[in-house]
Amino acid sequence: MTGQPVQGSGNPAAASCAVEQSQIGAVSVVAVSGTVDMLTAPQLESALSPAAVGTAQAVVVDLSGVDFLASAGMGVLVAAHADLAPAVRLVIVADSPTTSRPLKLVGIADLIELFATRDEALAAVTA
Amino acid sequence: MTEPDQSSSGARFSKTDVVAIPEHAASVRQEFSTWLTGHIAVDRVKASDIVLAVNEALANAVEAAYADAPAPGVMHVRADFDRGSGRLTVTVTDEGTWRPATAQRSNSARGRGIPLMQALTDHASIEPTDAGTEVRLQWDVIDAVAAGGG
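Protein chains in written order, with the numbering used here: chain F, 42 to 168; chain Z, 28 to 177.
Treat the hints as calculated values from the structure; they're not laboratory data. Just so it is clear, the structure is predicted and the values come from calculations on it, not from any experiment. There is no bait here: all hints are sound.
Here are a few chain Z residues that face chain F, going by a calculated C-beta distance under 7 Å: (1) Arg71; (2) Ser75; (3) Arg139; (4) Gly140; (5) Leu143; (6) Ala146.
Backbone N, C-alpha and C define an ideal beta-carbon position, used for all residues, glycine too.
Kindly produce the complete structure, drawing on both the sequences and the hints.
Listed below in structure tokens is the structure:
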């Protein structure tokens, strides 16, 4: 034991989150990886803001690389879906115990379309 | 501080007087996750459920501690695993003021923590105490090797 108190900023244990945005035709793909919790949810929020989405007709939020999704991140998804509709269709790609399972458990999968793969999501929004 | 208290009949994880800020919720969650997978034979889905439920309890304490106080309060986390019954009980307590659900902002982006905790556990309760609020999460039988002995 080093006796280091559990406080202070710059916590080295803070989990990382990466959000990458790309454009495929009229579809904006937001690929998220790592941890989406109350610390990192603002990164996702800004990537899904109307300004970031721009003129895209649909947004595919790909959570395939996410290993932890807390309610803070789910709230961002629900709010973005509501804010962008009906002009922009937002769908989610998720298929793991850490993502699609909790999204289904709290009923978000009933509000926002959920696809197992990015290809399926892209096919749906460009159909 | 973590108490690496362990006996043949169970395992315990305990952190007390953790300042209730988001960074600490994240670090305690990671420590708990390491403890969980190191001490209990849980499958991937159950481990994910448990860590998420505990995270939501920690987030609840962080938000409660922020709500009315000029500075964040502290929270305490304790997990007890009973090898005999296979029962895991986790409590997260804070010293904040309990706010009824109706007093919270009815923003659609919030308020999923409690439904998540209920969906991810066998039993979940949120009780106001004299000192603050206690969130209690329980899983009845989580140890896949409890009956093995092999």
